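Asker: As given, the protein sequences belong to chains C and V, one line each in that order. Residue numbers for the first sequence, in the numbering used here: 30 to 414. Residue numbers for the second sequence, in the numbering used here: 388 to 739.
If you're looking for bench data, these hints aren't it; they were derived computationally from the structure. Note that the coordinates shown come from a computational prediction; the quantities given were computed from them, not determined experimentally. No residue lacks a Cβ here, since even glycine has one placed at the ideal position from N, Cα and C. Be aware that a few hints might be false.
Stated by the list, open to error - Across the chosen pairs, the derived CB separations fall in these ranges:
{"#": "1", "chain 1": "V", "residue 1": "E532", "chain 2": "C", "residue 2": "A46", "range": "55 to 63 Å"}
{"#": "2", "chain 1": "V", "residue 1": "P439", "chain 2": "C", "residue 2": "A60", "range": "51 to 59 Å"}
{"#": "3", "chain 1": "C", "residue 1": "R137", "chain 2": "V", "residue 2": "D408", "range": "45 to 53 Å"}
{"#": "4", "chain 1": "C", "residue 1": "S169", "chain 2": "V", "residue 2": "G432", "range": "51 to 59 Å"}
{"#": "5", "chain 1": "C", "residue 1": "E373", "chain 2": "V", "residue 2": "E579", "range": "31 to 39 Å"}
{"#": "6", "chain 1": "C", "residue 1": "G302", "chain 2": "V", "residue 2": "T389", "range": "54 to 62 Å"}
{"#": "7", "chain 1": "C", "residue 1": "R388", "chain 2": "V", "residue 2": "T714", "range": "55 to 63 Å"}
{"#": "8", "chain 1": "V", "residue 1": "R546", "chain 2": "C", "residue 2": "F368", "range": "39 to 47 Å"}
{"#": "9", "chain 1": "V", "residue 1": "E675", "chain 2": "C", "residue 2": "F368", "range": "15 to 23 Å"}
{"#": "10", "chain 1": "V", "residue 1": "Q683", "chain 2": "C", "residue 2": "D259", "range": "47 to 55 Å"}
{"#": "11", "chain 1": "C", "residue 1": "D260", "chain 2": "V", "residue 2": "Q683", "range": "48 to 56 Å"}
{"#": "12", "chain 1": "V", "residue 1": "G728", "chain 2": "C", "residue 2": "R86", "range": "24 to 32 Å"}
{"#": "13", "chain 1": "V", "residue 1": "A687", "chain 2": "C", "residue 2": "F368", "range": "56 to 64 Å"}
Next come the chains, spelled out residue by residue.
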Amino acid sequence: MTALRFDPIRLPESCRALRAEVRGFLADEAAAGAFDPRDDAGGEADAEAFARKVGARGWIGMTWPKVYGGQERSYLERYVVTEEMRVANAPTDRFFVADRQSGPTLLRYGGEAIKRSILPRVARGELCFCIGMSEPDSGSDLFAAKARATRTETGWRLRGTKIWVTNARQADYMIGLFRTSPPTRENRRHGLTSFLIDMTAPGVACNPIAKMSGRNDFNEVVFDEVFVADDHVLGEIDDAWKQATSELAYERSGPERFLETYGALTALIDAAGSEPNRAVAAGIGRLAAELHTLRRMSVSVAGMLESGREPVVEAAIVKDLGTIWEQSLPHRVRGFAGFLEGGEDSRDSLEATLAFYLRIAPKLTIQGGTTEILRGIIARGLGLR
Amino acid sequence: MTDSESLVVATAERVFAKFADPQTILKATDGAWAEAAWAALEEAGLPLAWVPEELGGAGAALEDGFAALRAAGRFAVALPLAETLLAGWLLATAGIPSPPGRMSVAPARPGDALALGADGRLRGSARGVPFARDAEHLAALATAEGTAVVALVRAGDCRMTPRTALAGDPLDLVDFSGALPLAVAPSGLAPEELLRMGAAARAQQIAGALQTMLEISVRHAAERVAFDRPIARFQAVQHNLARLGGEAAAAVASAVSAADTVAHEGLAGDAALLEIASAKTRAGASAEAGAAIAHQTLGAIGFTAEHVLHRFTLRALGWRDDFGDETFWSARLGAVIAARGADALWPLFASR
Numbered sequence: 030m031t032a033l034r035f036d037p038i039r040l041p042e043s044c045r046a047l048r049a050e051v052r053g054f055l056a057d058e059a060a061a062g063a064f065d066p067r068d069d070a071g072g073e074a075d076a077e078a079f080a081r082k083v084g085a086r087g088w089i090g091m092t093w094p095k096v097y098g099g100q101e102r103s104y105l106e107r108y109v110v111t112e113e114m115r116v117a118n119a120p121t122d123r124f125f126v127a128d129r130q131s132g133p134t135l136l137r138y139g140g141e142a143i144k145r146s147i148l149p150r151v152a153r154g155e156l157c158f159c160i161g162m163s164e165p166d167s168g169s170d171l172f173a174a175k176a177r178a179t180r181t182e183t184g185w186r187l188r189g190t191k192i193w194v195t196n197a198r199q200a201d202y203m204i205g206l207f208r209t210s211p212p213t214r215e216n217r218r219h220g221l222t223s224f225l226i227d228m229t230a231p232g233v234a235c236n237p238i239a240k241m242s243g244r245n246d247f248n249e250v251v252f253d254e255v256f257v258a259d260d261h262v263l264g265e266i267d268d269a270w271k272q273a274t275s276e277l278a279y280e281r282s283g284p285e286r287f288l289e290t291y292g293a294l295t296a297l298i299d300a301a302g303s304e305p306n307r308a309v310a311a312g313i314g315r316l317a318a319e320l321h322t323l324r325r326m327s328v329s330v331a332g333m334l335e336s337g338r339e340p341v342v343e344a345a346i347v348k349d350l351g352t353i354w355e356q357s358l359p360h361r362v363r364g365f366a367g368f369l370e371g372g373e374d375s376r377d378s379l380e381a382t383l384a385f386y387l388r389i390a391p392k393l394t395i396q397g398g399t400t401e402i403l404r405g406i407i408a409r410g411l412g413l414r
Numbered sequence: 388m389t390d391s392e393s394l395v396v397a398t399a400e401r402v403f404a405k406f407a408d409p410q411t412i413l414k415a416t417d418g419a420w421a422e423a424a425w426a427a428l429e430e431a432g433l434p435l436a437w438v439p440e441e442l443g444g445a446g447a448a449l450e451d452g453f454a455a456l457r458a459a460g461r462f463a464v465a466l467p468l469a470e471t472l473l474a475g476w477l478l479a480t481a482g483i484p485s486p487p488g489r490m491s492v493a494p495a496r497p498g499d500a501l502a503l504g505a506d507g508r509l510r511g512s513a514r515g516v517p518f519a520r521d522a523e524h525l526a527a528l529a530t531a532e533g534t535a536v537v538a539l540v541r542a543g544d545c546r547m548t549p550r551t552a553l554a555g556d557p558l559d560l561v562d563f564s565g566a567l568p569l570a571v572a573p574s575g576l577a578p579e580e581l582l583r584m585g586a587a588a589r590a591q592q593i594a595g596a597l598q599t600m601l602e603i604s605v606r607h608a609a610e611r612v613a614f615d616r617p618i619a620r621f622q623a624v625q626h627n628l629a630r631l632g633g634e635a636a637a638a639v640a641s642a643v644s645a646a647d648t649v650a651h652e653g654l655a656g657d658a659a660l661l662e663i664a665s666a667k668t669r670a671g672a673s674a675e676a677g678a679a680i681a682h683q684t685l686g687a688i689g690f691t692a693e694h695v696l697h698r699f700t701l702r703a704l705g706w707r708d709d710f711g712d713e714t715f716w717s718a719r720l721g722a723v724i725a726a727r728g729a730d731a732l733w734p735l736f737a738s739r
């Protein structure tokens, strides 16, 4: 049986200085009106300008090699930047997917020319990425993908539909999974290939899909004979399932996997005032204890990544516990709010905050690997499958 | 894990495996195993690990002792190892040498207070003192005219009302009134700091017990056949055990983080409160969820007296009550967070 390890990581001194720097930057940006830290929904911020400013600071792709525009800083330093941005409600939408997922994928599987031309632009905050995995008939079951890539003289032609793609309309590139061969009898995962796709290429069409939360960043992306050059194939042809699953490990355990509804907790503390009754205090304390534990686990995973390990099971555990927790947070805050006494104004503001979080809560245990998929991974790590 | 931590853990595990194996203890008809196990622990210097050499102990680092307590939890050790460690540590804060033998500490519950009168005798009683009736000495934190003092008391000089914890271990009501301490000295400790240290210790034990609950459950699921296949093949069982893995992981992570903080930054301040309150609260929650899943996995087999599972589940559940339960620590932490205000919460988390 795999021994689960979560060593206590003490963040190094370099992280302390960096954190102060990030907080100063965010405070200045907020003061200048670039975004509103109290606006949980993200509002009307100019995400594009913000991405370039963050890029100029060297905080996108900061763990990547300098030759590709990175800073060669540690995973723990990246962790600090990510969590400070998340808690400040900073508008990271344009660069976060590339920083967390697409960039590392390109680093690992992209050709040299692609890496040299694209990664520095990602690091400067100039490029937005989206991920094309799900299809109308395949969500969690990635290997059921039907969208096809067919060989041509000089590359590939893509046909089919990807769905529930966040930020597709803003994105400059997609990393998408396409079928290049039928699955074999021995291996149903066989036959999928990962492509880097220019979203401005002829034949790419994005159709918005409205979400129940009211946000408008979901899309269906239709590929109608879209040409992709040979050097835009990422990794092995027909063997992308290996990279698609390892790719997810990067995105599983970060602070965004338990801080998505953090504003509900601070709203409760605001409404509670400085001397709440014991029921409210115990509620706040319990939520804080759980959040602290999740963060310590998540930092520990960042420490493992830093030391070159691949903590697949530990990362899955953090995401499973973290997303269930952040999903339940607004509901539990609502429960503890029943013990609040007086202060109708603060109650109104709390209820408005909760209304936003209660609407986004259902998605938190679905995106980037559902609870059921995660538990399957953990069970495999325990030797049960 | 540091090298010395590994050495202490290896030593502790060797002693537990040889003298305190849960299966052997279940079959034991008398307490002879406990005598042999305790002698081996003393031989290895574990009970007084936290006592400096000049005060009669082994002078080990705090994190080594915490690591030994996680190991003790993994074996569900029913001996006053944590209690003697805590007593020795408490006495050492006042410069009082530790006697050999079993000890325990008081107060072990929030709200209990002991006083040292002008006549040099103690007053007051303490509830839920673990292993008090098995101890030769008790270390007590009391107040004498408003200042904190530590007193070393002969257990036989106190009136004991025997009570038991969930797992059947002693958890006694101790009336100290009239007892004349063998030694008294002032201590810089705040009253809550003994509770904090005790809570940090209990969190390690609970975390250790959860690791073994997970191991027992996974092994059982792989071996037990039902409906023509090992029950580990059923997705419902797999997902339950994945949850148990998460609960064990959360307990271990919060416990080691608190241990690391106490060892390197001490017990005072809001950050130590966050770490310790979180560990005790989170490990306590894991005990509830984890014990339920472990028992569900083992079914009726795990509910029999002859199976070792209950040694782990009942101890972990009982340890939740010692040195402040989840409600006490949550309310303490929540009151401090509310007083600091919402904007000061994130910096507190991020300071860790």
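Asker: Now tell me, hint by hint, if it's right for this structure.
Answerer: Evaluated hints:
1. E532/V x A46/C: 55 to 63 Å: Violated: the Cβ-Cβ distance is about 47 Å, outside 55 to 63 Å.
2. P439/V x A60/C: 51 to 59 Å: holds, 52 Å
3. R137/C x D408/V: 45 to 53 Å: Hint holds: Cβ distance 47 Å, inside 45 to 53 Å.
4. S169/C x G432/V: 51 to 59 Å: Hint holds: Cβ distance 53 Å, inside 51 to 59 Å.
5. E373/C x E579/V: 31 to 39 Å: holds, 36 Å
6. G302/C x T389/V: 54 to 62 Å: violated, 44 Å
7. R388/C x T714/V: 55 to 63 Å: At 31 Å between Cβs, range violated.
8. R546/V x F368/C: 39 to 47 Å: Check passed, 40 Å falls within 39 to 47 Å.
9. E675/V x F368/C: 15 to 23 Å: holds, 22 Å
10. Q683/V x D259/C: 47 to 55 Å: holds, 54 Å
11. D260/C x Q683/V: 48 to 56 Å: 54 Å Cβ-Cβ, so the 48 to 56 Å window holds.
12. G728/V x R86/C: 24 to 32 Å: The hinted range 24 to 32 Å holds for G728/V and R86/C, with Cβ atoms some 29 Å apart.
13. A687/V x F368/C: 56 to 64 Å: Violated - the Cβ-Cβ distance for A687/V and F368/C, about 40 Å, lies outside 56 to 64 Å.
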